[in-house]
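A.B. asks: What follows is the residue order along each chain.
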Amino acid sequence: MTLTERLREKISQAFYSHGLLCASYPVPIVLFTGLCILACCYPLLKLPLPGTGPVEFATPVKDYAPPPADPDHQPGEPSERPEWYVGAPVAYIQQIFVKTSVSPWHKNLLAVDVFRSPLSRAFQLVEEIRNHVLRDSSGTRSLEEVCLQVTDLLPGLRKLRNLLPEHGCLLLSPGNFWQNDRERFHADPDIIGTIHQHEPKTLQTSATLKDLLFGVPGKYSGVSLYKKRRTVSYTITLVFQHYHAKFLGSLRARLMLLHPSPNCSLRAESLVHVHFKEEIGIAELIPLVTTYIILFAYIYFSTRKIDMVKSKWGLALAAVVTVLSSLLMSVGLCTLFGLTPTLNGGEIFPYLVVVIGFENVLVLTKSVVSTPVDLEVKLRIAQGLSSESWSIMKNMATELGIILIGYFTLVPAIQEFCLFAVVGLVSDFFLQMLFFTTVLSIDIRRMELADLNKRLPAEACLPPIKPVGRPARYERQLAARPSMPHTITLQPSSFRNLRLPKRLRVVYFLARTRLAQRLIMAGTVVWIGILVYTDPAGLRTYLAAQVTEQSPLGEGPLASMPVPSSVLPASHPDPAFSIFPPDAPRLAENRTRPREQPEPVGPAESVQDAPVPEVTWGPEDEELWRELSFRHWPTLFSYYNVTLAKRYISLLPVIPVTLRLNPREALEGRHPQDGRSSWSPRAPPGLWETAGPGGAQVPGDVTLYKVAALGLAAGIALVLLLLCLYRVLCPRDYGQPGGSGRRRRGELPCDDYGYTPPETEIVPLVLRGHLMDIECLASDGMLLVSSCLAGHVRVWDAQTGDCLTRIPRPGQRPESEGGGGAEAPGRWAQPPGGGAKTGAQEPGDSPPRRRRPRGPPPALFGDQPDLSGLIDTDFAAQPKPAQPEPRHRAGCSRAAGYDFGRLVQRACRSEGPARRPPSPVPVPPAEDPAWDKDSPPPAWAPSADGSIWSLELQGGLFVVGRSSGRLEVWDAMEGELCCSSEVSSSGITALVFLDRRVVAARLNGCLDFFSLETHTVFSPLQFRGTPGRGSSLSSLQSGSDMVACRLTHTVPCAHQKPITALKAAAGRLVTGSQDHTLRVFRLEDSCCLFTLQGHSGAITSVYVDQTMVLASGGQDGAICLWDMLTGSRVSHMFAHRGDVTSLTCTASCVISSGLDDLISIWDRSTGIKLYSIQQDLGCGASLGVISDNLLVTGGQGCVSFWDLNYGDLLQTVYLGKNSEAQPARQILVLDNAAIVCNFGSELSLVYVPSVLEKLD
Amino acid sequence: PAPSAPGAPDSSPAPRGPRAGSGHHDLVQRSLVLFSVGVILALVLNLLQIQRNVTLFPDEVIATIFSSAWWVPPCCGTAAAVVGLLYPCIDSHLGEPHKFKREWASVMRCIAVFVGINHASAKLDFANNVQLSLTLAALSLGLWWTFDRSRSGLGLGITIAFLATLITQLLVYNGVYQYTSPDFLYIRSWLPCIFFSGGVTVGNIGRQLAMGVPEKPHSD
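As given, the protein sequences belong to chains S and C, one line each in that order. Residues 1 to 1256, numbered by UniProt numbering, are exactly what the first sequence covers, in order. Residues 1 to 220, numbered by UniProt numbering, are exactly what the second sequence covers, in order.
Quick caveat, the hints were computed from the structure, so don't treat them as lab data. No experiment lies behind these values; they were computed from the predicted model shown. A virtual CB, placed ideally from N, CA and C, is assigned to each residue, including glycine. Be a bit skeptical, because a hint or two may be false.
Unchecked claim - Partial selection, computed: residues in chain C whose CB lies under 8 angstroms from chain S: (1) Gly95; (2) Arg109; (3) Val115; (4) Phe126.
What the hints assert, rightly or not - Which chain S residues stay away from chain C? Per the calculated CB distances, all over 12 angstroms, these: (5) Leu624; (6) Arg647; (7) Tyr726; (8) Leu777; (9) Leu1125.
Using the sequences provided together with the hints, build the complete structure.
C.D. replies: What follows is the structure, encoded as structure tokens:
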């Protein structure tokens, strides 16, 4: 135990100093950490990059032999050959690259002629290759012996069965389109159609059949009607199983001999081995993608919790960087120490992230953010770190333990994972401590700076406040600002913190992020991208053609460098050949062009074919396969169920073959339909030459228009569809403030969004009688005492709502006496009442005794007509409390003469919000509360007795504290003053009445402890236990015949400034004052136990309960939780913008309300904000806790019930049907599940049956 | 038992006060979410279980996604809905609301670990089945301890694992359903562990859903 404590202390100390260090030197530490990360990641450079791209390795053809199967590293050259270069390859691939052209081009040749006869030569070539036999000393060797024999195609490829070879040599040529049958080819009227019939219509990810058979990328093949280049190239692909140098050599020699390529400069020196990485199929991709989605959701939900910092995004990024770079560091370190990762990094990565987790980072942020803002940044960081140090260390130890357990599973893969995770955890810890903490400190410093700068603008951008009287509040707040060193700027728009239905939330989310628009936009972009990529309309070729035309290097791959000394005029440096018919002057001119330097090959027709695009061989042809899709070979082999994953193939140097056809041959090969096929009318032979570019353009344009029209239509359809969905999902009145009928119902915030909670209407008991706003309210379950600004006190029966007693304010007494004897009895419904008051001023007990026999009837006397001198015709309704059907009162409550009362009340209310809590700054402290409380107009200015500042009721007696410093104890039933005490002239700001003990806190900061002494035993229990009122009265009468209050202790200077909050429980008394401190006293002997410091503003509210938990809220908007046994601060939350106005706790949460009209619910143990509720204006402080999980808040003419655990709005109860409802200022929850709401000058007593059920 | 169970939480007097209309609505929504989660997890995990020798053709892949019987994903979805509703219901009956790590980040973590356990069981080479089963059992218990730590969760998880294994056993025994290479009494011995961790995971989701989203104020 002590060891743990000591350890804990040490750790805390270490973290504290570390935090100081981090916050003091942020930049060097971040730099240092960055260097560390880089250093640790350095070994990663040696690792191969992830990805499925193939890797190449070239060896010279000469003396090539397949590498040995066993990887024995030669000591001399370990690095030269890659690790995969082991054993024989899957196959050797020999491509025979054929380039053909018809030359000379004759003007009555068709476009089809460009490729028809060249393609027909493929059959001949294939024939030659197939029949090639090597005869040498070792015997004969045919192609069949060395080539790769393939078996069936995969069953899924039935449609390709005729096109790809089966059961024989894997030999591919364009002839495969016609089953290697020359007759079929000649009979085919539409070559292009045949070639393209298997082209996929959609996005092509792998090689298409055309690519496979042609062996060259589509744009090089030249099989197109719109190509101006009349060179057709294709390859015949031969796949060998074994490397037989002699056979290959003889084949090459023979082909070169038959079809010489004189200007060929291919060197054919090296064999290229291509290694393919592991393939990831869709089947594996789906789980992978799922894990990544989960990972991102995790990251999202984690980083979303970062709150109250300057830049959420920055910190979230820092958190992600921390975790990611810790993983990189882990891999790097493991590699450094010789462990080579064998696991698939992409697969285990999400799990590693999840194991390492973001929790520590978040805990750190939370802890640092919740330190007091007025501290120095350094200290805040240090405190935050040290307060969470223990839990961080504990968590880390736990995780390490779990991982170590995993290490002992002795499964190699798990062990490796665990190793990575352990190193990752440690490096994550390192980074958290150095990198993240530092970034956090920078962020917090920035926040402070920004706060200092923006203090006024932040205030200025508050939403405009509609009702009267609000500006006063904000002015006050502004004025109060300088006393607070720091403020937290919260986002002003916190409308929507209510639990809304999910449907709406989705819609709001969509609306807020403009998701639909963005999706459509992104979709369009992707779609266009796909269009361009898949090129269904020949868009790319078209564009390429355009570019070719305009660029001076128009000939593309065939162009060699134009020599500057060209004779051609610069104005048309590159006329396409096809534009001009090949005639003599042209020919002569061409001769001079250095571009035509490669001398035409055909010895016979050298003169003729000069203007024809020359078949040239350049170095780029040697590596033509590079232009193919990298999935070309894997696709080919996968058709035969051979996988290239983790294996390699060897590409032999290509064999160049040049075929040269003359026009006669081309004409011979022509199909009868070619002449009248669909394209010939558009481009007749004669026109073809001249209209070359135009002819190419027209069809391209048409398709372009088609595509555009189609796209437009699709887009419109999509938009319409989304619009329909939107209309369906969205409430009709969305975005129209206050338009529909639903909005008319009160101003519950939830209603703004169309969410109607299950609401009911209850006709409450309206307790009416006060002329002005009710200020103090106290109850003990049976009785209810209220006092209004005018100084009247009324006692009500909490069950029936009858007004039992009325006590006028003492200041009126002379007036009532002077005005006439009739008035007082009339007002108070007790004929002897006026006299009683006068007599009752002296603490004598004879007047009560005298009137005792008349005790029960006072309520009945209310029937007497009201002749009050005050303009209060509302008292016409007043007699009704005695009527047997009190519920009707609400219905007929609109008395005619009520207007004056309302006016007065409004005038008072305008002062109301400013009234509480008292502000320390603008007024001298001693006067401040007086200014506050004396807000009623001067007509009701306090007399010598002063106005009532505090009121407490217990067991039939209530205690009144007045501004004059007078303490009065009244009998609630009789309406008689039992005793009074005037020890000091300083006003009593707060009272506690507990077990015959009365504690009064005064304006000058002193505390007076009184004890009430009665002659007989005074028992509130007896009172409460009696069911009926009559018997209770009798018991009270017998009990309280003599009450005297005696001053037992005085703490003369409990606080330097006025005491604003006073609460007692569990034998302790807690005071909160404007001097920013709280003090805890023992009730018996008024001994001060603790002085609690931690607030940076005046204390405005205090909560204490029997479990010795103390919560306090201050003007700084902060809430502190304290342990009353030790006097230590348990947690500190920044709750509100502006003062905390009221505070209460349940077993699990703390509920606070602030001047920002927000009710926030906090987790009591962790101090995490669970949720908050936006209140109506002016109802900010009205809240009450009915049970541990039921919260009631007030609104405009209604009360709402909330489930505390979940933040659900359970029910909204409208009190009466009147639309001009007033805000509920105050809510008092009685023991018998009744709620008293203070609506200005009237009280509503609500019984909630459902609440009763819940309590059982 | 599946169809009868979803009614149970509905009729129970949840301590959430008088929420007449929204309770039912909420319940339906929750069960829908849970159902879809179950279906997705079933499909994905089924894909994981199919070993590596999958060719690369889209047709084939589509076929492998639905390679098992068609009724398996809906069954998993229903089971997920039932379990996910059962957990908060039992919590409320026992009167101890689950408070441990109640946040979506933790739930996501839990799901990720669950998928990871499946991944491990599918992809790793273990020396023998005992080792595999022990490892998975340890992992599942670790999952429970990390994310749940409630007695009710443990009990319910074990019950679910037992029942689900029993049902699978019966199905396989009667030949309705064929699972890959049984190693212990017609089924794979690690199946209970997967069921257990699945139950805990789905329960976690269900509890979080039942708790609702503690909305923070949005900042535009």
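A.B. asks: The structure should be examined with respect to each hint, and the outcome stated for every one.
C.D. replies: Here is what the structure says about each hint:
{"no.": "1", "hint": "Gly95", "verdict": "violated (11 angstroms)"}
{"no.": "2", "hint": "Arg109", "verdict": "holds (5 angstroms)"}
{"no.": "3", "hint": "Val115", "verdict": "holds (6 angstroms)"}
{"no.": "4", "hint": "Phe126", "verdict": "holds (6 angstroms)"}
{"no.": "5", "hint": "Leu624", "verdict": "holds (25 angstroms)"}
{"no.": "6", "hint": "Arg647", "verdict": "holds (15 angstroms)"}
{"no.": "7", "hint": "Tyr726", "verdict": "holds (19 angstroms)"}
{"no.": "8", "hint": "Leu777", "verdict": "holds (25 angstroms)"}
{"no.": "9", "hint": "Leu1125", "verdict": "holds (24 angstroms)"}
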